[in-house]
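Asker: These protein sequence lines are chains A and B, in that order.
When we follow our numbering, the leftmost residue of the first sequence carries the number 1, and every step to the right adds one.
When we follow our numbering, the leftmost residue of the second sequence carries the number 1001, and every step to the right adds one.
It is worth saying that the hints were derived from the structure and are not from the lab.
There's no promise every hint is true.
Claimed, not checked - What follows is a list of derived Cβ distance ranges for each label pair:
1) A:230 - B:1097: 36 to 44 Å
2) B:1097 - A:152: 52 to 60 Å
3) B:1256 - A:152: 54 to 62 Å
4) A:155 - B:1137: 49 to 57 Å
5) B:1002 - A:331: 46 to 54 Å
6) B:1002 - A:212: 42 to 50 Å
7) B:1097 - A:271: 38 to 46 Å
8) B:1097 - A:102: 29 to 37 Å
Quick reminder that beta carbons are idealized off the backbone N, C-alpha and C, glycines included.
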Amino acid sequence: MQATAASGAASLVSAAAAVTPAISLQNVVKTFGEFTAVKGLDLDIRQGEFFSLLGPSGSGKTTVLRMIAGFELPSSGRIDLAGRDVTRKAPFERDVNTVFQDYALFPHLSVAENVGYGLKLRRTSRGDRRRLVAEALEMIRLPHVADRLPSQLSGGQRQRVALARALVLRPQVLLLDEPLGALDKQLREQMQVELKQIQRTVGITFVFVTHDQEEALTLSDRVAVFNEGLVEQVGTPEDLYERPSSRFVASFLGNTNLVEGELARGLTGSDALLSIRPERIRIRQPDEPLEAAGMSSVEAVIEEIVYTGPSTRFVARTSAGQKLIVQEQNDSRASSAHRGDRVRLEWSSRFNYTV
Amino acid sequence: MRLSRSAKITLRIFAAAVMAAIYLPLLLVIVNSFNATTSGAFPITDFTTRWWEAAFTNEGVREALWTSLRVATVATVIALLLGAMIAFALSRYEFFGKNTVNLLVVLPIALPGIVTGVALNNTFKTVLEPLGIGLGLFSVIVGHATFCIVMVFNNVQARLGRMNRGLEEAAMDMGANVIRAFFTVTLPGFKSAFLAGGLLAFALSFDEIVVTTFTAPPGTETLPIWIFNNMARPNQAPVVNVIAAVLVLLSMIPVYLSQRMTGDDRK
């Protein structure tokens, strides 16, 4: 609704906005005493993007988020929001809002007052405020909890109220600090879908911090993988999964078989480290011919079989001692291999990714 | 933990004995305030409300009560302001000497009242009197404020420590500057601890006798001092009983309120 009202002006702006990144970090360093949390980070986040900062705990991703929000000052470097330098600006001087990991809802205010808090500070008129709060609660499908206190809500409801409270201010950028971390698996998956839908509807740039690689891959347009204060790789989920640029990225995103040494030389003729995803590998009988040209193949013995419902995981070992994990869908093509069976593992050579 | 039958009975007897030791004398004071004889002899043969009438019309009592109320009120206000500010500074900011400041703030409550009293008495007499600030109501208030601050400080600091600091960040994230965030989010969060600390401070000041003795100028009497001075006088003793009875009942109110306030931590 607001979008149509402002569309005339917005279309003029958007031409320029398309080139100016929503957030631009330039050589940002953050130290806490002796510890360097972020080591010289350069990162551009585009307008309207769902961007994830992914990494294990202590990798610096939350520190980066807090610096964008203004809760931490960078030790050096520069942060631009929509082309404006905000490096030394206070949190209340930046057009970004945050959904906190523990939600940080004000316990003494009702849900409606929580959501209306920022609007009240902006001196939005009472009527507009009531309408915007109602719309925000409608968006998260919780219009009936307006008068409740946060303590009277379930975890999932609190999470959505925190989201509404941040989004009602229509910031340029929404920062989300592991917002789904405290929810159980089922609720988390449901919220992922909702989050993605809301982001598409409002068109605001989302910066999402998570340690859950599956969540990052599902939700994001692009992901930055953090490791020990550095970004290892930035790319689309497909880039990261199919073409990891480092051993860390390959092993952090999903399961993979890292192959080096003799087998790698045999497969590619070079000493490079290979990443072969378990679901790319097929199990065949040793005497079966290759399915097609351009296939890689190796003989192995099945050591372990783990049934996981939709798929089965096989642990196989080659005669040279290389362990390979195979993930096979439990469909009509399932191989029905047994433990101890001598098999031939086969996969298309284009799935031999050099790391 | 399961207790044997005999252990239960023994513990109950001990608990009852302790309670009796604390509360029977208080009860005796209240009963005695209706005793017709001036010597407080037992068993009571005649009941009278004469002493209550005498107490309410007694000039000395009225004056002492007025002094006590003024001292307690001002000392409490000082304690609320300074105690809350120190608590906020110590729990939200890092600075050099933080732990020392913390210790120095809490120390007056552990320091014997007589030490505080003597120290303040010396300071006022030798240093401040030449400057024109002698012993008076002001010195009594300063003396009381030293330990009243601790009451507020302890309550507020404990609450601030448990409060989610993310709340202040959330407020600033949504556009509140530091002062707005304090008044809209932090203060509502520790309000009940603040008030509870204030009530305790008031109660503490109201019955203080040691520091008061050393900091009050001759002729200025707070209620406890008046009681102390009049207890020995035979014809005033029954009136003292009345005042004590009233104080027992009155002092229950702030203690009860402060207990309730700290009880309902977070709604």
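Asker: Hint by hint, say whether it matches the structure.
Answerer: Hints, one by one, checked against the model:
no., hint, result
1, A:230 - B:1097: 36 to 44 Å, "37 Å, holds"
2, B:1097 - A:152: 52 to 60 Å, "43 Å, violated"
3, B:1256 - A:152: 54 to 62 Å, "28 Å, violated"
4, A:155 - B:1137: 49 to 57 Å, "56 Å, holds"
5, B:1002 - A:331: 46 to 54 Å, "59 Å, violated"
6, B:1002 - A:212: 42 to 50 Å, "46 Å, holds"
7, B:1097 - A:271: 38 to 46 Å, "60 Å, violated"
8, B:1097 - A:102: 29 to 37 Å, "32 Å, holds"
The earlier numbered hints that this structure contradicts are 2, 3, 5, 7.
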